[in-house]
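Novice: In order, the protein sequence lines correspond to chains A and B. When we follow our numbering, the leftmost residue of the first sequence carries the number 4, and every step to the right adds one. When we follow our numbering, the leftmost residue of the second sequence carries the number 38, and every step to the right adds one.
Some clues are possibly wrong.
[To be verified] Sample of chain A residues lacking proximity to chain B, with all beta carbon distances greater than 12 Å (derived): (1) Pro-52; (2) His-168; (3) Cys-302; (4) Leu-359; (5) Glu-398; (6) Lys-447; (7) Lys-468.
[Stated by the list, open to error] From the structure, some residues in chain B lie toward chain A, with a derived Cβ separation under 10 Å: (8) Ala-252; (9) Arg-376; (10) Asp-386; (11) Gly-492.
Derived by calculation from the structure, the hints in this document are not laboratory data. We put the CB at the ideal spot given by N, CA and C, even for glycine.
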Amino acid sequence: MTYEAVIGLEVHVQLKTRSKMFTRVAAGYGHPENTLTDPVVLALPGTLPVMNKEALDKIVRAGLLLGCEIAPECKWDRKNYFYPDSPKNYQISQYDQPLCRGGFVEIELPGPARNIMGEHRRIALTRIHLEEDVGKLSHGEGASLVDFNRAGTPLMEIVSEPVIHSADEAFAYLTALKAVMIYGGISDCDMEKGQLRCDANISIRPAGDAALGTKVELKNLNSFSFVRDGIAHEVRRQVAVVGSGGKVVQETRDYDGQTGESKSLRSKEMAHDYRYFPDPDLMPVRVDEAWKESIRTGCPELPFDKQRRLQKEYGVPYTITSVLVPDRALSDFFEEAARLCGRPQAAGNWIANDLLRELGAAKLELAQSRVTPRHVAELVVLVETGAILSNAAKEVFIDMFQTGDLPDAVVARKGLRAETNPDELERWCSDAIAANPKSVADFKSGKESAINAFKGPVMRAAKGKADPKRVDETLRRLLAG
Amino acid sequence: MSEELCHSTIADLSRLLDRGGVSAVELMRAVIARTKEVDGRVGAFNSFDEADALAQAAASDERRSRSRTAGSGAPGRPLEGIPIGLKDVIAVAGQPLTASSRMLEHFVSPYDATVTRKLRDAGAICWGRLNLDEFAMGSSTENSAFRTTSNPWDLERVPGGSSGGSAAAVAAGEAIAALGSDTGGSIRQPAALCNVVGMKPTYGRVSRYGLIAFASSLDQIGPFARSVEDAACLLSAISGHDRRDSTSVDLGVPDYGAGMAALAQSGRKWRLGIPKEYFGAGLDPEVGAAVQAAIDEYRRLGCEIREVSLPHTKYAVGAYYIIATAECSSNLARYDGVRYGHRSRDATDAIDIYFKTRAEGFGPEVKRRIILGTYVLSSGYYDAFYLRAQKVRTLIRRDFLEAYKDVDAIVTPTSPTPAFRKGEKAANPLAMYLNDIYTIGVNLAGLPGISIPCGFTRGGLPIGLQVIGQPFRETELLAVAAAYEKVTDWRMRRPPL
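My request is simple: use the sequences and hints to build the entire structure.
Specialist: Written out as C-alpha cells, the structure reads:
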C-alpha cells in the first residue's frame with residue numbers, strides 16, 4: 004500500500020520590535036544574561052503588562068501580507084503552566100480569538116533543474132496569533148540557570164492547515180514564509196538566534212483516503228534542513244510502524260538533527276491542561292479599518308509577485324530573479340541599477356554574479372557594500388558603449404568594490420579606457436594584413452580561423468585596449484576589400 | 038497633645054502644619070510613639086521603618102520651609118507631611134512587601150507602586166507595612182502568616198479583613214489615614230468593624246500597578262480615613278490614569294473634596310435606594326436597627342427613600358468565589374521560588390521546588406482558593422463555572438444600573454454582623470465568606486462604595502453603613518456619605534485602648 008503524508012506546521016516567529024511585548028525594556032539578542040529585564044519581565048509582585056503597539060502593527064502587517072482576515076479586536080488570554088523559564092508561570096497569548104485567521108503562503112516547489120522555475124502552490128493558514136516568548140534555561144553540573152533576556156519578546160505563532168504532503172513542501176513553505184517576514188520588516192527570521200522556530204504535526208494515511216491518521220508532533224527542528232530531514236524521517240518511521248502491523252501513537256517526539264533520530268517526549272495522556280481564560284490585566288484593543296488601512300499602505304510587494312514583475316517588466320530570466328528576489332534589499336538594489344542604466348539584464352548579471360561573489364568573499368552584507376546601484380549602472384553603460392572592454396570591466400568592478408570609487412574614476416586612474424580611434428585601428432589592421440600575406444591567402448581560400456593570425460599583432464600594437472569585436476569587423480572589411 | 042495629634046483628621050493637621058503649630062517631624066514622632074505604645078496590643082503593623090519615616094518627615098518640613106521662604110503664602114498641599122499607612126500589598130521601594138505571607142516574608146520591593154509614587158508626589162509620608170489576611174484573602178486578618186490584628190474596640194475580636202491592619206491603625210491612632218485594597222469588601226468591611234471611613238473607588242479609577250494582585254478584575258486600592266472629607270482628599274491624590282495599568286481609565290480626576298463641598302452647598306436632595314435583598318436572613322438585628330436609623334436620618338434630611346430590587350444578589354457570593362479564585366490561581370502562580378521569595382531548602386529538582394516551596398510558603402486559605410480556582414478553570418469545567426459566573430456578573434451589574442435609573446445612590450449595611458471573636462469563624466470558611474455578602478456585589482459590578490460609621494451595638498462594637506454609588510461618580514457618593522456624617526458624631530468616638 005502507498006501512504007500519503009499529511010503535515011501541518013506551527014511556526015513561531017519573533018517580531019522585530021524595539022521593546023518587549025508588555026513592557027518598555029528593550030528586546031534583543033546576545034546581551035549579557037538577565038540584563039534585558041525589569042520588574043515586569045521578572046514578574047515581581049504587583050507588576051502589570053501593557054501592550055506594545057509596534058508588535059500589534061507588525062502582526063497586522065503579517066496578516067495583511069498573507070491574506071488573512073484580521074479580527075476587529077485584539078483579545079488576550081492566559082495560558083497557565085509551570086516552567087522555570089516562564090516568569091509568571093502563565094504565558095499571555097491568544098486562545099479562541101487569534102488576531103489573524105485564514106490566508107495562505109505561496110510556495111515554490113523544487114523545479115526539474117536549478118535554473119528552471121518549479122511549480123507554485125498555496126499553503127492555507129489556519130491562524131496567526133500573538134504571544135510572549137519565554138526565557139532560556141541552561142543546565143550545568145548540579146544547577147540550572149535561567150536567562151530572562153528573551154522572556155517577554157513578542158512572538159507570533161503561524162499555524163498552517165494540514166495540507167503539506169512532503170518534506171520538500173515543508174522546506175519550501177518555510178523558505179517562502181521567511182521571505183515574506185523579511186520583506187515585511189516583521190522579523191529577521193534568524194533561526195540561530197531563535198527568531199524562527201518550527202514544530203511539525205505529521206500523520207500518514209493510505210493514499211486517496213480523506214480521513215486523517217494519528218498525528219505525531221515533532222519538536223526541536225532547529226534549521227530548515229532539520230525540518231526537512233526530520234519530517235522525512237518521521238514519515239518513514241510511521242510508514243514502517245504501520246507496515247509492520249503496528250499503530251502510530253499520538254505523542255510528541257524530539258528530533259535530533261545531528262543523529263537523525265527521534266525519541267518520544269510525552270504521550271497524549273501527559274498533555275497539559277492550560278486552563279485558558281481572558282487576561283483580566285489587559286483590555287481588548289480595537290483594530291479599526293483606518294488602522295488596518297494605514298498598515299496596508301505601508302505593505303511591500305510580496306516576493307513572488309515581485310519576481311513575476313521583474314521577469315515581465317525587465318525581461319530578466321528566472322536564473323537571475325531567483326537569486327535577487329529572496330533578498331528584498333538586493334532586488335531593490337537591482338531595480339535601482341536597472342532604472343539608472345536602462346540595461347536590466349546586464350545590471351542583473353553584475354549583481355547576481357559579481358556583486359554577490361565579492362560580498363561573499365569579503366563576508367559582507369549588502370548594506371555594507373561600497374558598490375551602489377549607481378556604480379553598477381555606470382559600469383554597465385561604460386561596457387555597452389565600448390568605452391571599456393569586458394576584461395577591464397571585471398577589474399573595474401573589483402576595484403570599486405574595494406575603494407568605492409565610481410567606474411569613471413577607476414578607469415581613469417588605471418588607464419583602462421578602450422582604444423577607440425578608428426583611424427589608428429584601421430592603420431594597425433592594414434599593417435598586420437600587409438605583414439602576413441600567407442594568412443591573407445588562407446583566409447581568402449576559406450580558412451576562417453586564419454583571421455586570428457592578424458589579431459595578435461593588432462592587439463599588441465593597441466597595448467590590449469582595442470575592442471576585439473571592432474578589430475574583427477575592421478579586419479574583415481579590409482580583407483574583403 | 039501627642040495622642041490628640043494622632044487622632045486628628047488630615048484636614049485639621051494640614052491646617053496645623055500650615056500654621057506652624059506642629060512640624061511634620063513632630064507629628065511623625067507622635068505617631069511613632071503612639072504606635073509603639075499600642076501596637077503590641079493591636080498588631081496592625083507587620084513592620085515599620087522609623088528612620089525612613091522621620092527622614093521623609095524632615096524632607097517635608099524642608100519643602101514647607103522653602104515654600105515659606107519663597108513667600109507664596111498659599112496654603113500647603115493637603116497631604117504634605119501627613120503619615121499615611123500602607124497595606125502590605127502595596128509596593129514601596131526599599132521596604133518589605135510581604136502580603137502577610139511566608140512566601141514573601143523576606144522580599145523587599147525594588148520599586149514604588151503608582152499610588153506610592155502619587156502619595157510621595159503629594160508630600161505624604163509612607164508609613165509602615167500594615168497587616169492583612171495572606172494575599173488579601175479573608176475577612177478577619179486571621180489568615181495572616183505573622184499575626185492576627187486585634188480590633189481596637191475589643192482586643193478579643195477581629196478588625197475585619199482583609200485590610201484589617203489598615204482599619205485598626207487608623208482607629209487606634211497609629212496612622213492618620215491609610216490605604217487598603219478591596220476585592221470583595223476588604224476595605225469597607227474592616228472600616229465598618231473599626232468605626233472608620235473606608236472607600237472602594239470605581240474599578241479603573243486608581244492604578245493597580247504595584248498592588249500585589251489577588252483577583253485582577255475586582256481589586257481596587259482605596260482610602261481609610263477618619264472623615265469622608267479626608268477620604269476624598271486621599272482619593273484625589275491617588276486617582277487617575279496610569280500608563281502602567283491598562284485597566285486604569287483615562288478620565289480626568291476631579292477635586293473630590295471641593296466637588297463634595299459644592300454639592301453640600303447646593304442642598305441637593307438625594308434619591309436613595311434601599312435594596313430589599315440586603316435586609317434578609319443573616320442580618321444581625323442590632324446592625325439592622327442602626328442602618329434603619331441611618332436611613333431615617335437621611336429621610337429627615339429631606340432625601341427621598343425608595344425601595345429598589347437587585348434580584349441577582351443571591352448569586353453574588355457564588356459568582357465571586359469562582360471569578361476571584363480563578364484569577365488568583367493564575368496570579369499566584371509566579372510565587373514559585375525560582376526568582377524571588379521563599380524557596381524550600383528540601384527541594385531536589387525543579388518540580389520539587391514548586392511543590393515544596395508552595396506547600397511551605399502558602400497558608401491554608403490561599404491553598405484552598407488556588408485549588409478551587411484551578412478546578413473551575415479546568416478543561417471541561419470552564420463553561421459551567423467561569424463562563425457562567427461572568428454572565429452572572431453581567432446580570433448583577435445590570436441590576437445596579439437598572440436601579441440607578443430611579444435613585445442616585447444605594448444604602449445598605451456594610452457587614453451583616455459587627456466584629457466577631459477571633460477564632461469564631463476561622464474553622465468555617467463558608468461562614469467567613471458570607472461576611473462579604475453585602476460588599477461583593479459592588480466589586481462584581483465595578484462600582485464605587487463607601488462604609489461610614491453609623492452606630493454601635495449595646496456591647497460597644499462599631500456598625501458601618503454602606504453607600505454605593507454610580508460608576509466614576511465618586512463626588513456624588515462622597516457627598517451622600519458626608520451629608521449623614523455631618524449630622525452624626527459616631528466617627529468622633531475613640532476606642533478604649
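Novice: Please write out, lowest number first, the hints stated earlier that are contradicted by the structure.
Specialist: Per hint list: 1, 11 violated.
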